[in-house]
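Novice: With the hints as extra help, turn the sequences into a complete structure.
Number of protein chains: 2
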Amino acid sequence: MKKTRADALRTRRQILNAALKVFGLKGYAATTLNDIARQAGLTRGAIYWHFENKRKLYEALLKDYYRTIEEKIKTEITSSKTPLIQLKDGIFKLLNFFSDHQDYRTIEEALLGSPQVQQELAGVLDKQKQLFGQIYVQTRALIKAAIDNGEIRKGVDPDIAASAIISYVNGIKLTRLHNPLSLNNMVDQLIDLMFKGMEKGIDPR
Amino acid sequence: MKKTRADALRTRRQILNAALKVFGLKGYAATTLNDIARQAGLTRGAIYWHFENKRKLYEALLKDYYRTIEEKIKTEITSSKTPLIQLKDGIFKLLNFFSDHQDYRTIEEALLGSPQVQQELAGVLDKQKQLFGQIYVQTRALIKAAIDNGEIRKGVDPDIAASAIISYVNGIKLTRLHNPLSLNNMVDQLIDLMFKGMEKGIDPR
DNA sequence: ATGCAAACATACACGAATGTATGTTTGCAT
DNA sequence: ATGCAAACATACATTCGTGTATGTTTGCAT
Numbered sequence: 001m002k003k004t005r006a007d008a009l010r011t012r013r014q015i016l017n018a019a020l021k022v023f024g025l026k027g028y029a030a031t032t033l034n035d036i037a038r039q040a041g042l043t044r045g046a047i048y049w050h051f052e053n054k055r056k057l058y059e060a061l062l063k064d065y066y067r068t069i070e071e072k073i074k075t076e077i078t079s080s081k082t083p084l085i086q087l088k089d090g091i092f093k094l095l096n097f098f099s100d101h102q103d104y105r106t107i108e109e110a111l112l113g114s115p116q117v118q119q120e121l122a123g124v125l126d127k128q129k130q131l132f133g134q135i136y137v138q139t140r141a142l143i144k145a146a147i148d149n150g151e152i153r154k155g156v157d158p159d160i161a162a163s164a165i166i167s168y169v170n171g172i173k174l175t176r177l178h179n180p181l182s183l184n185n186m187v188d189q190l191i192d193l194m195f196k197g198m199e200k201g202i203d204p205r
Numbered sequence: 001m002k003k004t005r006a007d008a009l010r011t012r013r014q015i016l017n018a019a020l021k022v023f024g025l026k027g028y029a030a031t032t033l034n035d036i037a038r039q040a041g042l043t044r045g046a047i048y049w050h051f052e053n054k055r056k057l058y059e060a061l062l063k064d065y066y067r068t069i070e071e072k073i074k075t076e077i078t079s080s081k082t083p084l085i086q087l088k089d090g091i092f093k094l095l096n097f098f099s100d101h102q103d104y105r106t107i108e109e110a111l112l113g114s115p116q117v118q119q120e121l122a123g124v125l126d127k128q129k130q131l132f133g134q135i136y137v138q139t140r141a142l143i144k145a146a147i148d149n150g151e152i153r154k155g156v157d158p159d160i161a162a163s164a165i166i167s168y169v170n171g172i173k174l175t176r177l178h179n180p181l182s183l184n185n186m187v188d189q190l191i192d193l194m195f196k197g198m199e200k201g202i203d204p205r
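Note that the protein sequences, when read in sequence, are chains S and X. My numbering numbers the first residue of the first sequence as 1 and each following residue consecutively. My numbering numbers the first residue of the second sequence as 1 and each following residue consecutively.
Please note: incorrect hints may appear among the correct ones.
Unchecked claim - Think about it this way: if two alpha-carbon atoms lie no more than 27 Å apart in a straight line, the pair counts; the simulated DSSO-like pairs of lysine-lysine are: (1) Lys127/S x Lys26/X; (2) Lys196/X x Lys200/S; (3) Lys196/S x Lys200/X; (4) Lys129/S x Lys21/X; (5) Lys200/X x Lys200/S; (6) Lys127/X x Lys26/S; (7) Lys26/S x Lys129/X; (8) Lys88/X x Lys196/S; (9) Lys63/X x Lys26/S; (10) Lys21/X x Lys129/X; (11) Lys200/S x Lys144/X; (12) Lys26/S x Lys127/S; (13) Lys196/S x Lys144/X; (14) Lys26/X x Lys63/S; (15) Lys81/S x Lys196/X; (16) Lys54/S x Lys54/X; (17) Lys200/S x Lys154/X; (18) Lys154/X x Lys196/S; (19) Lys200/S x Lys88/X; (20) Lys26/S x Lys56/X; (21) Lys81/X x Lys144/X; (22) Lys196/X x Lys88/S; (23) Lys93/X x Lys196/S; (24) Lys144/S x Lys196/X; (25) Lys129/X x Lys21/S; (26) Lys81/X x Lys196/S; (27) Lys196/S x Lys196/X; (28) Lys72/S x Lys127/S; (29) Lys93/X x Lys74/X.
Said to hold, decoys possible - If you anchor each label on the Cβ, the simulated ranges turn out as follows: (30) Thr4/S x Leu131/X: 50 to 60 Å; (31) Ala6/S x Lys129/X: 39 to 49 Å; (32) Asp192/S x Asp100/X: 26 to 36 Å; (33) Lys129/X x Asp159/S: 29 to 39 Å; (34) Lys63/S x Gln134/X: 34 to 44 Å; (35) Gln134/X x Leu181/S: 17 to 27 Å; (36) Lys56/X x Thr32/S: 16 to 26 Å; (37) Gly133/X x Lys2/S: 54 to 64 Å; (38) Lys127/S x Leu181/X: 14 to 24 Å; (39) Trp49/S x Lys129/X: 34 to 44 Å; (40) Gly133/X x Thr4/S: 46 to 56 Å.
In short, the hints are calculated from the structure, not lab data. Note that beta-carbon positions come from the ideal geometry of N, C-alpha and C, so glycine has one too.
Specialist: Structure (structure tokens):
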């Protein structure tokens, strides 16, 4: 039952996809390697050949996730529009990414949700904090640029605004995790509403 | 080793408190009844006498939580201030409640985080949706009242604003769950920033 | 052709957690 | 006083998941 190298990589993918699906349904702690194996149409033997254990398998999933997200963010940011447009676009792309790729729900839940799970996965925590910090820095930089650019009024504190935006986006993600359809056509209006508190050219009366 | 009725109720409390603490540290799936028993200075026998099993114990915790929150909300809302003040006050009280009562972190995580865990606890899901719906309705009503009152400008859609506020508050909760100290002195400014997008009397320029 | 190792499947050993059965103490009604 | 049941602790059986050891097939280098 030896397969070619390409075949092996394909079954590795199968395992990762199956893990993504099952983790999404039952959560990290509740899913057994047997669940994943059955979902993948394999046995636990295959899993243990490709990964050390359940934790390493999960970490591999996270690695994938981080790479994808980081690429997303970088390509979105390097656009040539104005800072405020860049920021808004980035948020939209990010939010749409999660509604499109339902499979990544699992990971998002794990990252948004319980910090306890990540205690077990301490190794990945650094990477996560690093990514979060990176997002924070980029967001604040864009806000500063937008202030200098005159798109956001001078009185806005970049730190507070960045924290607000990140919390807000995570809150929206969370709402959609619990009820994927709830905010479907609202997202752009939700973002606009938040930015109305910061933008310059708008007279709220 | 029979105790008086009052004593029994006290040990029941001990168990609930211990469960709250341990669930908060390790998460629902990862905590064993032995952990809880040890934390309470008892044995699993005591737990099984007071509760059917782990799930029912957790549900009892949720019941407690819901009662507490519902009371909080009701007493905060029936204040006599203006609608917008009521809304802001309610949000502050809610956010402060969670930073004060660290023990309820667990429950909050379970409710905010992974929907998967609640599949196992299907019975409580209804109660949760009901509570969430209730919060949504009350929020929207207060926004409408604030519009009629002239505190929020006419152009704001109450549905969108309510969704925005709830997502925002949940996002802030989430951020503080992951890093309890991060937004410590910002919260009021965060809320203000959001409301600046809605309020009437403010000239953003 | 053939021998080795990759790529799994199967089998087994072990611990951990659950649920239940049973034992033990003691408050309280009679 | 005494018998019953509340309020637990202790002991045991059973299940379940993990990790590992072993078996099996087969692509590929020689």
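Novice: Next step is simple, just say for each hint if it's right about the structure.
Specialist: Status of the hints after comparison with the structure:
1. For the hint linking lysine 127/S to lysine 26/X, the alpha-carbon distance of about 21 Å falls within 27 Å, and the restraint holds.
2. A distance of roughly 12 Å separates the Cα atoms of lysine 196/X and lysine 200/S; the hinted pair therefore holds under the 27 Å criterion.
3. Restraint check for lysine 196/S and lysine 200/X: the C-alpha separation of about 12 Å stays at or below 27 Å, so the hint holds.
4. Taking the CA atoms of lysine 129/S and lysine 21/X, the gap is about 25 Å. The hint holds against a cut of 27 Å.
5. Only pairs whose Cα atoms come within 27 Å are accepted, and lysine 200/X paired with lysine 200/S is accepted, the gap being roughly 15 Å.
6. Between lysine 127/X and lysine 26/S the alpha-carbon distance is near 21 Å, which keeps this suggested pair within the 27 Å criterion.
7. Between the alpha carbons of lysine 26/S and lysine 129/X the distance comes to roughly 20 Å, so the proposed pair stays at or under 27 Å and holds.
8. Proposed proximity of lysine 88/X and lysine 196/S is supported: the alpha carbons are some 18 Å apart, at most 27 Å.
9. Simply put, lysine 63/X and lysine 26/S have alpha-carbon atoms about 23 Å apart, close enough for the 27 Å limit, and the pair holds.
10. Between lysine 21/X and lysine 129/X, the direct Cα distance comes to roughly 25 Å. Compliance with the 27 Å bound is thereby established for this hinted pair.
11. A distance of roughly 26 Å separates the Cα atoms of lysine 200/S and lysine 144/X; the hinted pair therefore holds under the 27 Å criterion.
12. Between lysine 26/S and lysine 127/S, the direct Cα distance comes to roughly 24 Å. Compliance with the 27 Å bound is thereby established for this hinted pair.
13. For the hint linking lysine 196/S to lysine 144/X, the alpha-carbon distance of about 19 Å falls within 27 Å, and the restraint holds.
14. Restraint check for lysine 26/X and lysine 63/S: satisfied, since their Cα atoms lie roughly 23 Å apart, inside the 27 Å limit.
15. Simply put, lysine 81/S and lysine 196/X have alpha-carbon atoms about 26 Å apart, close enough for the 27 Å limit, and the pair holds.
16. Under the criterion of a C-alpha separation no larger than 27 Å, the hint pairing lysine 54/S with lysine 54/X is consistent with the structure, at around 24 Å.
17. About 20 Å separates the Cα atoms of lysine 200/S and lysine 154/X, which keeps this hinted pair within 27 Å; it holds.
18. Of the pairs offered as hints, the one joining lysine 154/X and lysine 196/S holds, with about 14 Å between alpha carbons and a cut-off of 27 Å not exceeded.
19. Note on lysine 200/S and lysine 88/X: the hinted pairing holds, with a Cα-Cα distance of about 24 Å set against a maximum of 27 Å.
20. The straight-line distance between the Cα atoms of lysine 26/S and lysine 56/X is roughly 19 Å, inside the 27 Å bound, and the hint therefore holds.
21. With a C-alpha separation of about 15 Å, the suggested pair lysine 81/X and lysine 144/X falls inside the 27 Å cut-off, and the hint holds.
22. A threshold of 27 Å between alpha carbons decides the hint, and for lysine 196/X with lysine 88/S the separation of about 18 Å falls inside it, so the pair holds.
23. Taking the CA atoms of lysine 93/X and lysine 196/S, the gap is near 25 Å; set against the 27 Å cutoff, the hint holds.
24. Straight-line distance between C-alpha atoms of lysine 144/S and lysine 196/X comes to about 19 Å, which keeps the hinted pair within the 27 Å bound.
25. With a C-alpha separation of about 25 Å, the suggested pair lysine 129/X and lysine 21/S falls inside the 27 Å cut-off, and the hint holds.
26. Between lysine 81/X and lysine 196/S the alpha-carbon distance is near 26 Å, which keeps this suggested pair within the 27 Å criterion.
27. Proximity of lysine 196/S to lysine 196/X is assessed by CA-CA distance (about 7 Å); at most 27 Å being required, the pair is judged to hold.
28. Only pairs whose Cα atoms come within 27 Å are accepted, and lysine 72/S paired with lysine 127/S is accepted, the gap being roughly 17 Å.
29. For the hint linking lysine 93/X to lysine 74/X, the alpha-carbon distance of about 12 Å falls within 27 Å, and the restraint holds.
30. The hint said 50 to 60 Å for the Cβ distance between threonine 4/S and leucine 131/X, and at roughly 55 Å that hint holds.
31. Range check, alanine 6/S to lysine 129/X: Cβ separation about 47 Å, and the 39 to 49 Å hint holds.
32. The beta-carbon spacing between aspartate 192/S and aspartate 100/X, approximately 34 Å, falls within the hinted interval of 26 to 36 Å.
33. The hinted range of 29 to 39 Å is satisfied by lysine 129/X and aspartate 159/S, whose Cβ atoms lie roughly 36 Å apart.
34. Lysine 63/S and glutamine 134/X have their C-beta atoms about 41 Å apart, which keeps the hinted 34 to 44 Å range intact.
35. Separated by about 20 Å at the C-beta atoms, glutamine 134/X and leucine 181/S satisfy the suggested range of 17 to 27 Å.
36. The hinted range of 16 to 26 Å is satisfied by lysine 56/X and threonine 32/S, whose Cβ atoms lie roughly 23 Å apart.
37. For glycine 133/X and lysine 2/S, the hinted distance range of 54 to 64 Å is satisfied, since their beta carbons lie about 57 Å from each other.
38. A hinted range of 14 to 24 Å for the beta carbons of lysine 127/S and leucine 181/X is consistent with their spacing of about 21 Å.
39. In this structure, tryptophan 49/S and lysine 129/X meet the distance hint of 34 to 44 Å, their C-beta atoms being roughly 43 Å apart.
40. For glycine 133/X and threonine 4/S, the Cβ-Cβ distance of about 55 Å falls inside the hinted range of 46 to 56 Å, so the restraint holds.
Against the hints set out earlier in the document, no violation occurs for any number.
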